[in-house]
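S.K.: Listed below are the residues making up each chain.
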Amino acid sequence: MRRTYTTTPLIEVSGLVKQYGSVQALAGLDLQVMPGEIYGLLGPNGAGKTTAIKILTGLVEPTSGWAKVAGFDPGEDPIKAKSKIGYVAENPILYESLSPRDFFEFVASIRKIDQSAANQMVTHLAEAFDMSQFFDSPIATLSMGMKQKVALIASLFHQPSVLLLDEPLNGLDARSSHIVKDLISLHAQRGGAVLFSTHIMEVAEHICTRIGIIYRGRVITEGTFDQLRSRTGGKGETLEEVFLKLTNEEAEVADTIKTLREAFYKDEIK
Amino acid sequence: MKLSEAWHLSRIPYGEVAYKSIIQTRSGMWWGSFGRSDPDKESRGDVEMAERALKIAKIDKLVVGVVSIITSIIPFASVFTQPPPPKLIIPISLSLAIAFSFIMLYAVQTLSSFVSAESSALLSTLPLTKDDFALITLLSFVRSVDYMVVGSIVSQVTLVAYLTTSPLATLLMLVASSMNVVFAVSIALLFSRLFYRNLLGGGRSKVSTALRLVFLLAWGLLVMGAGILFSIAWYVMPNLEKALLSLDSNPFFSILFPFSAGMTVASPVYPQATLSVTLAFAAMVGYIALAVVAGRWSLGVTMRISQGTGFRIARKRAEEFLVKVRSPLFGYVMKDLRISSGNPATAFFFALPAFEAVIVSLLMMGRAMLRASTILVATTMGGVVCLFMPLGLLNAEGMGLEYTKTLPVKIGRIVKSKALISTATYVPVPLALLGMAFMKSLTSPLAILIPFVTVLSIASASIIEIRLFLGFVAKRKIDTLIHDLGRLIVGVIIALIPEVAYVTTYLMSTDHLSAILIMGGVATAELAMASYLLRRS
Numbered sequence: 598m599r600r601t602y603t604t605t606p607l608i609e610v611s612g613l614v615k616q617y618g619s620v621q622a623l624a625g626l627d628l629q630v631m632p633g634e635i636y637g638l639l640g641p642n643g644a645g646k647t648t649a650i651k652i653l654t655g656l657v658e659p660t661s662g663w664a665k666v667a668g669f670d671p672g673e674d675p676i677k678a679k680s681k682i683g684y685v686a687e688n689p690i691l692y693e694s695l696s697p698r699d700f701f702e703f704v705a706s707i708r709k710i711d712q713s714a715a716n717q718m719v720t721h722l723a724e725a726f727d728m729s730q731f732f733d734s735p736i737a738t739l740s741m742g743m744k745q746k747v748a749l750i751a752s753l754f755h756q757p758s759v760l761l762l763d764e765p766l767n768g769l770d771a772r773s774s775h776i777v778k779d780l781i782s783l784h785a786q787r788g789g790a791v792l793f794s795t796h797i798m799e800v801a802e803h804i805c806t807r808i809g810i811i812y813r814g815r816v817i818t819e820g821t822f823d824q825l826r827s828r829t830g831g832k833g834e835t836l837e838e839v840f841l842k843l844t845n846e847e848a849e850v851a852d853t854i855k856t857l858r859e860a861f862y863k864d865e866i867k
Numbered sequence: 006m007k008l009s010e011a012w013h014l015s016r017i018p019y020g021e022v023a024y025k026s027i028i029q030t031r032s033g034m035w036w037g038s039f040g041r042s043d044p045d046k047e048s049r050g051d052v053e054m055a056e057r058a059l060k061i062a063k064i065d066k067l068v069v070g071v072v073s074i075i076t077s078i079i080p081f082a083s084v085f086t087q088p089p090p091p092k093l094i095i096p097i098s099l100s101l102a103i104a105f106s107f108i109m110l111y112a113v114q115t116l117s118s119f120v121s122a123e124s125s126a127l128l129s130t131l132p133l134t135k136d137d138f139a140l141i142t143l144l145s146f147v148r149s150v151d152y153m154v155v156g157s158i159v160s161q162v163t164l165v166a167y168l169t170t171s172p173l174a175t176l177l178m179l180v181a182s183s184m185n186v187v188f189a190v191s192i193a194l195l196f197s198r199l200f201y202r203n204l205l206g207g208g209r210s211k212v213s214t215a216l217r218l219v220f221l222l223a224w225g226l227l228v229m230g231a232g233i234l235f236s237i238a239w240y241v242m243p244n245l246e247k248a249l250l251s252l253d254s255n256p257f258f259s260i261l262f263p264f265s266a267g268m269t270v271a272s273p274v275y276p277q278a279t280l281s282v283t284l285a286f287a288a289m290v291g292y293i294a295l296a297v298v299a300g301r302w303s304l305g306v307t308m309r310i311s312q313g314t315g316f317r318i319a320r321k322r323a324e325e326f327l328v329k330v331r332s333p334l335f336g337y338v339m340k341d342l343r344i345s346s347g348n349p350a351t352a353f354f355f356a357l358p359a360f361e362a363v364i365v366s367l368l369m370m371g372r373a374m375l376r377a378s379t380i381l382v383a384t385t386m387g388g389v390v391c392l393f394m395p396l397g398l399l400n401a402e403g404m405g406l407e408y409t410k411t412l413p414v415k416i417g418r419i420v421k422s423k424a425l426i427s428t429a430t431y432v433p434v435p436l437a438l439l440g441m442a443f444m445k446s447l448t449s450p451l452a453i454l455i456p457f458v459t460v461l462s463i464a465s466a467s468i469i470e471i472r473l474f475l476g477f478v479a480k481r482k483i484d485t486l487i488h489d490l491g492r493l494i495v496g497v498i499i500a501l502i503p504e505v506a507y508v509t510t511y512l513m514s515t516d517h518l519s520a521i522l523i524m525g526g527v528a529t530a531e532l533a534m535a536s537y538l539l540r541r542s
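Just so you know, the protein sequences line up as chains A and B, in that order. All you need for this note's numbering is the position in the first sequence, starting with 1, plus 597. All you need for this note's numbering is the position in the second sequence, starting with 1, plus 5.
This is chain A alone, in the form it adopts within the complex (with noise of 0.2 Å):
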């Protein structure tokens, strides 16, 4: 049973818009999450959901609109906006000669982590994903997924009250997949607000309490997924197909697809 909180939002984002050079990349985006909600932000590649999440980390400047972590702008207070926050980024880039335990002690101490907590979290987390073959190696030896993890144990070992997660599940084992979702439904049932940004429409479709689709910039359309299949009108469709609809992508993808046939079976098709 999911508990009800507060009706502050703990991510805010209002009429942000993000011009790099002539490309366009937030053209207005506005989205709330509330406290124990996941909110999944789907969209194509390139509608804005990496930029709108660097703008919440404070790694981006809006050209115009604010963002508020935790009620913290994170440009105008980055140290406390960030310490709230734990973001995992789609592709993580982190000090590739540092071993796991080194880079979770920096992290740890930037974070002023209690020394037995600290120990505590690790160890959970690292037992969890199983990493004692990787936690003294360097990073750049690690494979994308544990480097995935090593990023994601960054991430939560603070216990942040915001989860920015940009396809976090990018590389992990159906092992690791599950745990990490375990723990995104758990951080939300403890009052946690996840923005989650992924390409895994079932992903989206299980664990996100509410879906965001984001295209060209801006929110079109937001909801749980019963609420998004209700606005296309198809009873029983998937949120692949609903996503495809509401991004009126539908008909170009069938088209494509259409043209890559006859491209490749010209023969089987005749």
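Just so you know, these hints were derived from the structure itself, not from any lab. Note that beta-carbon positions come from the ideal geometry of N, C-alpha and C, so glycine has one too. Where hints are given, some of them may not hold.
Claimed, not checked - Here are some, though not all, of the chain A residues that point toward chain B, as calculated from beta-carbon distances under 7 Å:
| hint | residue |
| --- | --- |
| 1 | Tyr684 |
| 2 | Ile710 |
| 3 | Phe732 |
Given the structure of chain A, go ahead and fit chain B onto it with the hints provided.
M.R.: Frame of chain A; chain B shown alone:
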């Protein structure tokens, strides 16, 4: 596959090597924008970053090629300027030694990315035969060092041909120069492999820590040796000449490379049927055999890398997952020390303290009495070397800086961490001077306080230098170079102001006590100002 085709394709793995090497060692600076963000910069994205890295690699290679030609030529200058001109043995030997050090030091920085074997990963997915794949990898390896290898060989051979007009001497020089680069590249490859293997091993056992320390010390000694060779070649020349002129009584030089090569190459022009020349010829035959072995070993390593069998990663299972939490500042310092020592391109900064102590001791050694002016000069030289450290530490951050930006860490803490390390590298200077003060008499006992007071100005210079580096976003490489040089000059000026205050006060009052008090006051004021700027970060 045709050689030309393989050469063309080798651009892909070479590009990857160059990109990784640049991005690992310089991204902290050239794409940092730590303090503020630049909307234009953000739009560049990975593609432009890769293009920039490749352009930088190309310029680097060109500059290094030109420098390798200059460094190979410099030892021959004495033939034209020194009356009477020295025998060619000395310029040839020195030219080979300098080219060797230069090629080796540069190659280690590039090849550490090459030995990781990931550079060929993209090609391995293409339908290429094993032999073609190996050839392409080998050529990509050649591309990493081609300009400087060709530059040094051509300049040395051309000069010998011009100076001797002897076809035999020219041919012998070609053999000696080629051997020299084979040795340099092989040792660079060996060092890169050792470093990478050590890095792959990871762990915190006493043995692996000790091994890493030994490696760093060896590396530091090499850098120091090369540095001394570069900077004091002119001082070395007369002593070498003296030693080499008495070769008959000292056959050791005859069998030691590169002197054996120098003697062999010069022998057709200065024919002497002495024991030394015979020994040098015999040694050269041995060195040729060794060069063949080294060349084959390098080829073998390159092939193994191309086949992905370069390294076996032996992982050690962790018994526990305990971590040590430090204060944020020392957490950052530990991280800085670990990443800097884990990268061959930045590890040599750890040789700086030893380098500084040696410079200072060398300067003092010949003096009967320690004067305040001598201490001032030694302090300045040690301090200036140490001011390169902040730039190195920032470069060592590499791409990992992107992660740090997501942590709740103030710029001030990053500056403090790096300033602390930079200042610590200066500490051997006052200690070496103190040691000297015990051995030699001082014109004023107060003069020994000069290097200790300078610790304060080095700390201020480091803080301001790093703060200035962090707040800068470069749009073009030339801007970065100008900016970097500018910041370094600012650092040097800050470090020098208290010393200037000392000199001025002393000249006006001829009183060491007043001079040292004024110097201390100025240095403290500088540190207070730097701390204020830091608090505002």
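S.K.: For each hint, tell me whether it holds in the structure or not.
M.R.: Verification of the hints:
Evaluation of the A/Tyr684 hint against chain B yields a held restraint, the C-beta minimum of about 5 Å falling below 7 Å. The criterion of a C-beta within 7 Å of any C-beta in chain B is met by A/Ile710, whose closest approach is roughly 6 Å, and the hint holds. Against a cut-off of 7 Å between C-beta atoms, the interface hint on A/Phe732 holds, since the closest Cβ of chain B lies about 4 Å away.
No hint from the list above goes unmet by this structure.
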